[in-house]
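These protein sequence lines map, in sequence, to chains A and B. Counting the first sequence from 1 gives a position; this note's numbering is that position plus 125. Counting the second sequence from 1 gives a position; this note's numbering is that position plus 8.
By construction, these hints were calculated from the structure, which means they are not laboratory data. Any given hint could be a false lead.
Cut-off 27 Å, straight-line C-alpha distance, at most; resulting in silico cross-link-like pairs (DSS-like, lysine-lysine) [said to hold, decoys possible]:
| no. | chain 1 | residue 1 | chain 2 | residue 2 |
| --- | --- | --- | --- | --- |
| 1 | A | K253 | B | K58 |
| 2 | A | K252 | A | K412 |
| 3 | A | K486 | A | K412 |
| 4 | B | K58 | A | K252 |
Listed next, with one range per pair, are the computed distances between beta-carbon atoms [said to hold, decoys possible]:
| no. | chain 1 | residue 1 | chain 2 | residue 2 | range |
| --- | --- | --- | --- | --- | --- |
| 5 | A | G362 | B | A32 | 31 to 39 Å |
| 6 | B | D11 | A | G410 | 34 to 42 Å |
| 7 | B | R41 | A | G506 | 46 to 54 Å |
| 8 | A | D131 | B | R68 | 39 to 47 Å |
| 9 | A | G410 | B | T29 | 24 to 32 Å |
| 10 | B | T29 | A | L470 | 36 to 44 Å |
| 11 | A | L279 | B | Y78 | 42 to 50 Å |
| 12 | A | G410 | B | T17 | 36 to 44 Å |
| 13 | B | E51 | A | L470 | 28 to 36 Å |
Source: prediction; values computed, not measured. No residue lacks a Cβ here, since even glycine has one placed at the ideal position from N, Cα and C.
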Amino acid sequence: MDDVLDDAANEVMAKEDTGNQILQWVSVAALVYFLICAVGLIGSGFKTATGDEAKEMFEFATNPFAGLVVGTVATALIQSSSTVTSIIVGLVAGGLPVSVAVPMVMGANIGTSITNTIVSLGHVREKKEFARAFSAATVHDFFNLLSVVIFLPLEMMFGLLEHLGKMLAGIFVVEDASIKGMNFVKAATAPVVNTAKHSVEGLPDGLGGSLLILVGIVMIFITIHYVGKLLKQLMVGRAKDIMHAAIGKGPVSGIFSGTLVTVLVQSSSTTTSLMVPLAGSGAFGLKQIYPFTLGANIGTCITALLAATAADGNQAAALQIAFIHLTYNVLGVLVIYGIPFLRFLPVKAAEWLGATAAENKLVALAYIIGVFFLIPGLCLGISSIL
Amino acid sequence: MSDFKHYSTSTIANLISDTETTLAQLKAEMQRREAMAQEVQIEGLENHMKSAEFSLKSIREFLAFLIEEYRKEKPS
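Using the sequences plus the hints, can you model the full thing?
Next comes the structure, spelled out in structure tokens:
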């Protein structure tokens, strides 16, 4: 009798779980829809607010170092590179020059790595554990810093990423891919974007455009926050399977798994932060954690690509910056991990910093404040004087 | 340490072979244990997911720890 009751209870619970999951997936789809709408709003608002003067408005960021700092600090403060890159995509669609946006995207990569560094501070009470956790967190920082050191000069000298991004965007421009010139994503988001546009029509262009941008930014914040939360609940089992499968399979499998887990949870900081307790426990070595971290950089590009599909305004440029983000991260992995001399530089630097910070915890504090706020602030100050 | 000079060549060859086999077995056992420990950690991914979220609490705790350490080191 008890067994029959248990079975019935389990069946009811299983049905409730399935019902919940369906509801959660519907919510994810709705949130993604609003994320795309939000990027459309930002593009449209920026275009309305600036007219043809977007370039002049961002004159201060034409210095690539300033752009880099803007991207770093904004992401470090907001705690989400997906949010910052989606906003950048919207701004580019609204007229922000791609060349100005490229260093910002690079900066977003640096800024996002503060999350796992802060997560690693939670291990402070156990010296060895802290050394491992802090190293696992900062290996991401050192990789991203090295990536900037390599690619920013190449971008400044040859416009390498801009050219590659343009080429890829040229292949995927949605106007050409859609049937009879109709862009389905744009058509689907048009009701929300147009309603918002009409509601600010009576206002002066500057104010109306700024309002649209503000609404778009708030929408991106909310959608990315809740999409992340829902996907974490829905995808933890799948992430587990992927990571189980990757154990002992080598670095390429690690990179691939890191990418996949990040696409599933829609947040590189979640993937890299997950590596912190895994390393802290001592079960995973830094060299095993490292490829997952690299994969996270690639996986996070999906949000900007998704956002670019419905950009209102210059869609080719929006897609270009989204592809630049992807190309930059893929090339970063290929070059740094592919060249033996460079491969373990971030690991060695992170190991040294972890050991040093475990001896003197103030080093950890100075490192976080210095790398993410003080140095960028100084650079911004100097670049504005020059 | 044994005095290998008195061992026959075939004994040394056998010893090398045995040692290599034992070493391979020990390495395999070590790898198996490492993989097991990793599997266990991944099984706890839900918990790691919770602790891997950015929170001001970890900064507060870190600062509290620093102050605690500073007070301990400071001669009274």
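Evaluated hints:
1. A:K253 with B:K58: 22 Å, holds
2. A:K252 with A:K412: 20 Å, holds
3. A:K486 with A:K412: 23 Å, holds
4. B:K58 with A:K252: Distance of about 22 Å is within 27 Å: holds.
5. A:G362 with B:A32: 31 to 39 Å: 36 Å, holds
6. B:D11 with A:G410: 34 to 42 Å: 40 Å, holds
7. B:R41 with A:G506: 46 to 54 Å: 53 Å, holds
8. A:D131 with B:R68: 39 to 47 Å: 45 Å, holds
9. A:G410 with B:T29: 24 to 32 Å: With Cβ atoms ~27 Å apart, the hint holds.
10. B:T29 with A:L470: 36 to 44 Å: Holds - the Cβ-Cβ distance for B:T29 and A:L470, about 38 Å, lies within 36 to 44 Å.
11. A:L279 with B:Y78: 42 to 50 Å: The hint (42 to 50 Å, Cβ to Cβ) holds, given that A:L279 and B:Y78 are roughly 45 Å apart.
12. A:G410 with B:T17: 36 to 44 Å: Between A:G410 and B:T17, where Cβ atoms are some 41 Å apart, the hint holds.
13. B:E51 with A:L470: 28 to 36 Å: Hint holds: Cβ distance 33 Å, inside 28 to 36 Å.
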